[in-house]
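K.L.:
Sequence:
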Amino acid sequence: MTEQTVEPNLSPTIDLKDLGTVNRLGFGAMRIVGPGVWGEPQSRGTAVEVVRRAVELGVDFIDTADSYGPNISEEIIAEALYPYPEGVRIATKAGFVRTGPDEWIPLGRPEYLRQQAELSLRKLKVDSLDLFQLHRIDPTVDAEEQFAVLQDLQQEGKVKALGLSQVSVEQLKAAEKYFTVSTVQNRYNLTDRSSEDVLEYATENGIGFIPWAPVSAGELARPGGVLDVAAKKLGATTSQVALAWLLKRSPVMMPIPGTGSVAHLEENLGARDLVLDDAAFAEIDAAAR
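In full-length UniProt numbering, the protein residues as written are 1 to 289.
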């Protein structure tokens, strides 16, 4: 990577409500299972190695879900890291039931969410989940019932911090009547800004914003595209530039690029050392819009 003389990115860490300080570039554990986020990975040993390598490289925030596998991602994380190194936080989610590869059905009945939290405690081998996120608000169940069971789990000490996924600002505000929202996890990347208002609310209120599908860049990454040009100038990859752009976009941004490959993991984490100056950031931003 070429040496830069511009100002550094925003702080590499964030202080999450009810959880504490973590590095803003984390690891998403959806891709350490089989195709379609279903079943065992091709090599469980490789999946374990990827998780361990992430922590060796300084990752202290790992995001998973009961539905990844289902169950298998959580089990691999425990196999790889238990007893967990000091400071490493494992975030999980519940709210989807799986019926096959690439099939996701929202299920937010309170008794189901409670059951899944209890099972995650068992699979991750912990007494309290670091961060428990509602994977989706089930439209067939009163949202307040779903928020209330999360509130109960926190009050019982079974979870430390609570978060939401793929919600609107209105839904986020409704949940805040029941508990402190530590994180919100919505789809967001250079070419999908549909959650811009949620990001702005999170930024204003100190809520960690976890963008899923963070490196999707489409035509911007093609040869001669603005990401490709910036990457060549910086001696980086287009994925690293896309992640660096996210990190510079907001101090609450917490990208969690996922992979089942150690080499790809190491490449993604190289984004931490990449510095985008204001001009490069603005040029990429304008092209994406």
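There's no promise every hint is true.
Below, a list of computed lysine-lysine pairs in the BS3-like style, where the Cα atoms sit at most 30 angstroms apart [unchecked claim]:
{"#": "1", "residue 1": "K233", "residue 2": "K177"}
{"#": "2", "residue 1": "K160", "residue 2": "K177"}
{"#": "3", "residue 1": "K160", "residue 2": "K125"}
{"#": "4", "residue 1": "K177", "residue 2": "K158"}
The following label-pair restraints were derived from C-beta to C-beta distances [unchecked claim]:
{"#": "5", "residue 1": "E200", "residue 2": "S43", "range": "37 to 45 angstroms"}
{"#": "6", "residue 1": "V97", "residue 2": "P35", "range": "18 to 26 angstroms"}
{"#": "7", "residue 1": "Q115", "residue 2": "E79", "range": "38 to 46 angstroms"}
{"#": "8", "residue 1": "T191", "residue 2": "D277", "range": "16 to 24 angstroms"}
{"#": "9", "residue 1": "S43", "residue 2": "A286", "range": "25 to 33 angstroms"}
{"#": "10", "residue 1": "V262", "residue 2": "A213", "range": "20 to 28 angstroms"}
{"#": "11", "residue 1": "P223", "residue 2": "P110", "range": "18 to 26 angstroms"}
Just so you know, these hints were derived from the structure itself, not from any lab. Backbone N, C-alpha and C define an ideal beta-carbon position, used for all residues, glycine too.
K.L.:
Work down the list of hints and note, for each, if the structure agrees.
P.N.:
We went through each hint and held it up to the structure:
Between K233 and K177 the CA atoms are separated by roughly 47 angstroms; this puts the pair beyond 30 angstroms, and the hint is violated. Taking the CA atoms of K160 and K177, the gap is about 17 angstroms. The hint holds against a cut of 30 angstroms. Under the criterion of a C-alpha separation no larger than 30 angstroms, the hint pairing K160 with K125 is consistent with the structure, at around 15 angstroms. Only pairs whose Cα atoms come within 30 angstroms are accepted, and K177 paired with K158 is accepted, the gap being roughly 20 angstroms.
A hinted range of 37 to 45 angstroms for the beta carbons of E200 and S43 is consistent with their spacing of about 41 angstroms. A beta carbon spacing of about 19 angstroms between V97 and P35 agrees with the range 18 to 26 angstroms that was offered as a hint. Our hint of 38 to 46 angstroms for Q115 and E79 is violated, since their Cβ atoms are close to 22 angstroms apart. Evaluation of the 16 to 24 angstroms hint for T191 and D277 yields a pass: the beta carbon distance comes to about 22 angstroms.
The supplied range of 25 to 33 angstroms is broken by S43 and A286, whose beta-carbon atoms lie about 42 angstroms from each other. Range check, V262 to A213: about 21 angstroms between beta-carbon atoms, so the 20 to 28 angstroms window is met. In this structure, P223 and P110 break the distance hint of 18 to 26 angstroms, their C-beta atoms being roughly 51 angstroms apart.
Violated hints, in rising order: 1, 7, 9 and 11; the structure is consistent with all others.
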